[in-house]
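Peer 1: Got chain V; can you put chain W with the ligand on it based on the hints?
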Amino acid sequence: MSTAPPGSGDPDTATGSDEPQSPGPDDPGAALGPILVCRRWVDLRPSVDPLTGAVGNDPRTSGASAADDAALEWALQAAEAWGTSVVAVTVGPPGSQAVLRDALAAGAARAIQVDLGSSGDAASVAAEITAVARALTARMVLCGDMGVDRGSGAVPALVAAAMGARQALGLVDLAIDPTEPGVVTGWRRLDGGRRQHLRAQAPFVASVEGVSTRLRRASLVGVLRSGGAPIEVVVPAGPTGGRVPSWMPASTGPGRPRTHVVDGPNPHEPAWRRVILLTGAGTDRPALRVVHAEPVDAAHQLIAALADWGEWE
Amino acid sequence: MTAAGATRTAAEAARAAGTPPGPPTAAPAASAAATGLVPAGDFDAVVVGAGPAGSAAALVLARSGKRVCLLERGPYPGSKNMYGGVVYPRILDGLLLDWWEDAPVQRWVTRRATMTLTDDQALTIDFRTESWGRPPYNGATALRPEFDAWLAAKAVDAGAVLVTSTTATGLLRDRPGGAVTGVSTDRPDGDLRAGIVVACDGVNSFLAKQAGLHGPVDPANYTLGAKEVLAVPARTIEERFGLGPDQGADFEIIGCTGAIPGGGFLYTNRDSLAIGVVLHLPALATAGVRPEELIAGLKAHPAVAPLVAGGELVEYSAHLIPEGGYDMMPALAGAGILVAGDAAAMCLAAGIWLEGVNFAIASGMAAGEAAAAALAAGDVSERGLAGYRRRLQDSFVLQDHRRLRHAPHLLLSERVQQRYPQLACDIVEDLFTVTNPEPKPGMRRLVRRQVTASGVRLRDLAADTWRALRTFG
Ligand SMILES: Cc1cc2nc3c(=O)[nH]c(=O)nc-3n(C[C@H](O)[C@H](O)[C@H](O)COP(=O)(O)OP(=O)(O)OC[C@H]3O[C@@H](n4cnc5c(N)ncnc54)[C@H](O)[C@@H]3O)c2cc1C
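These protein sequence lines map, in sequence, to chains V and W.
Per my numbering, the very first residue in the first sequence carries number 180; after that it's consecutive.
Per my numbering, the very first residue in the second sequence carries number 9; after that it's consecutive.
These are computed hints drawn from the structure, not numbers from a lab.
In this text, all values refer to a predicted model and were calculated from it rather than measured experimentally.
Glycine included, every Cβ here is placed at the ideal spot set by N, Cα and C.
Among the hints, a few may not be true.
Chain W is faced by these chain V residues, among others (derived, beta-carbon under 7 Å) [as the list claims (entries may be wrong)]:
#	residue
1	R239
2	S398
3	L399
4	V400
5	V402
Far from chain W by the CB rule (all over 12 Å, computed), these chain V residues [what the hints assert, rightly or not]:
#	residue
6	D281
7	R396
8	P446
9	G459
10	E492
From the derived model, a few chain V residues whose C-beta atoms are all more than 12 Å from chain W [claimed, not checked]:
#	residue
11	T240
12	G242
13	G330
14	A340
15	V351
16	A354
17	L369
18	V440
In isolation and in its complexed conformation, chain V is listed as follows:
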């Protein structure tokens, strides 16, 4: 893997399926399929009861996050560039249709609400979105990077995994080339102010940060028409999670390594020595090594390094 500032060097290939893609030259839009854009209805100004800590939600202050709006804008730009269309999907209660109407007003062609009740965990939501993508033969999915209500950002990754699609997550910028239908290049943050330059070819799932762009202002005609436009409602087969593939994690909470006992320094050592042993102060460390490698090779090298340090069995 390489790190490069925007615009410099060759982009990495986003991870995921390697199946070859060659959009038909005559009808690129039809060959590409629609672009599926995921929108989540969330309270942008939730209230918190100071006594109980209960979070109160209000439909009037709910809508799509800046990241979801950015995803919609990129989807619309890509659809315009490649001659295809945008289908907006939301997984949520009936109130969430509001974010679909916003998408229709801005230029989406269709809108689908998967009625999963008030909430679903990331795996269930991803399973529903994947089902919609399959039904539409959509091979390009755009999402916001993570929910503003402390979302984990797992949904796009899970959708990509379920679709066998490449994933380009957490992008801060995107480039869409009209001459390369089905290919996006994007940039995402790395530590130390660096940027990773990615290139993803359909099938892909890309998630973008809110800073990446601003959603266009819908025309008045668009707004008026979106008010009465039909929204397709899907009611999932079973209760939440009924369609979650077995391999998907049941929970997407943070991974917590199990604790294990680490022997302390010998209590008979002098105090200064024990401090050094505990903190590692003043000891030699292996020199930092920057590795330039293709993703698969990079993964092997990482594992080898971890094994060297005794962190990988």
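Peer 2: Just chain W with the ligand, lined up with the frame of chain V:
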């Protein structure tokens, strides 16, 4: 498409919608909205502003079968609106059956008090009645984001098309200086044509000004209202104000704005208090005092402090009030346009009465009726719209305003604001101060002594009493 069963997959749902699963027709994204049902074409009427006036106008128009678009610049009706806190919704009796059953009311006002304050005195006339806590009720505290959204939803239920986050930026005319034929908005392709425009865009109505209906703006006709909302537990409110669970209190206050003519208010919501001041605009501009300082002073007053103690500030807002009443009203109609609510200075601000919402609703209803009648007659000229003024003249809106037209001048005068509160408090203090071994003074002597001490001339007192009787009598 709506959900018909609980077991459909996306593919089945797509099939049921008549759209085969698979790629939808590849249409350019920009034209995709063309699949919608609502005609993008013109409306019979555009109502600008989804405050109480606008929603009432849109509701009446929609009920009369007109295609009406209700434009609101905020993300939802009420989102940008503030007021003190009490609505008098009996005007809705004729519009919404049993409105109180689903109106978003915080508390029914069963206690009204008028407080006269000096620096360290308070004289309160306090009235309460249980009958205001039963249908058909009298006044209620309500939060504008809830109340305005509720009323706008009634208009939408009746068929009005609500468009939010959209600001009307100007008037469209059939020719320069000619009849109004719609509005331009801040959206791309944002012109909206209509047979008639009803401007309910609030106190600073740019549309009414652009239509040439307003004369020159005189800041002396305006006050600035500023308020804080303080979170206080419901039980505490009920204990402090002596209220039952659904009951509310409304305190109007004079003598709390220092050298600036104005007044104050304190209202009880379910679990918050609204406390604020209303300040004469030109005096505020020259006083070098900020409104929040005056609110802080009001909250610290010994008669008020125990009522608001411990309240946590959750909101601060400020807004203009068209205080001038009848004498500042614009022309109410022009060719293709009507003006209602605060846009037409319909707010009644007459001391113990600060009623804007009910006047806005009533004028909005009258505008809706007049617009519908003019559209039906095919005449939206100024003459064709003259029925609007007639309707208002026949209702409390212009009758109350005309009767109370001198109230703003009287109430904002220096004597009423500064001297009489002090005088009244001093008289009462004298009355109840027991100065034994001296005997009680006679009432007449006591009043004369205090009037002399206050520096108020008897001639002025008599003249003001006469003016007050004529104004309010
Ligand atoms: C501090 C204060 C206390 C008050 N207390 C009370 C009280 O206790 N009781 C009472 O009855 N009245 C009270 N009033 C008066 C009352 O608030 C108003 O009279 C009433 O709100 C007027 O209603 P309206 O619909 O005419 O205007 P508004 O309520 O101002 O509504 C105007 C609407 O138009 C929208 N708008 C404006 N311009 C545009 C545009 N260009 N395009 C699209 N939309 C636009 C606004 O966002 C708003 O929603 C108070 C006012 C203030 C300021």
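Peer 1: Determine for every hint whether it applies to the structure shown.
Peer 2: Now for the hints, and whether the structure bears them out:
1. R239: With Cβ-Cβ at 5 Å, under 7 Å, it holds.
2. S398: holds (4 Å)
3. L399: Cβ of V:L399 sits 4 Å from chain W, so the hint holds.
4. V400: holds (4 Å)
5. V402: holds (6 Å)
6. D281: V:D281 not clear of chain W: closest Cβ-Cβ about 9 Å, inside 12 Å.
7. R396: violated (6 Å)
8. P446: holds (52 Å)
9. G459: holds (48 Å)
10. E492: The claim holds: V:E492 sits with its nearest Cβ about 42 Å from chain W, beyond 12 Å.
11. T240: The assertion about V:T240 is violated, with a minimum of 8 Å to chain W.
12. G242: Given a closest Cβ separation of 8 Å, the condition is violated.
13. G330: holds (22 Å)
14. A340: holds (18 Å)
15. V351: holds (23 Å)
16. A354: Since the minimum Cβ distance to chain W is about 18 Å, V:A354 lies beyond 12 Å and the statement holds.
17. L369: The claim holds: V:L369 sits with its nearest Cβ about 32 Å from chain W, beyond 12 Å.
18. V440: holds (47 Å)
When each numbered hint is compared with the structure, violations occur for hints 6, 7, 11, 12.
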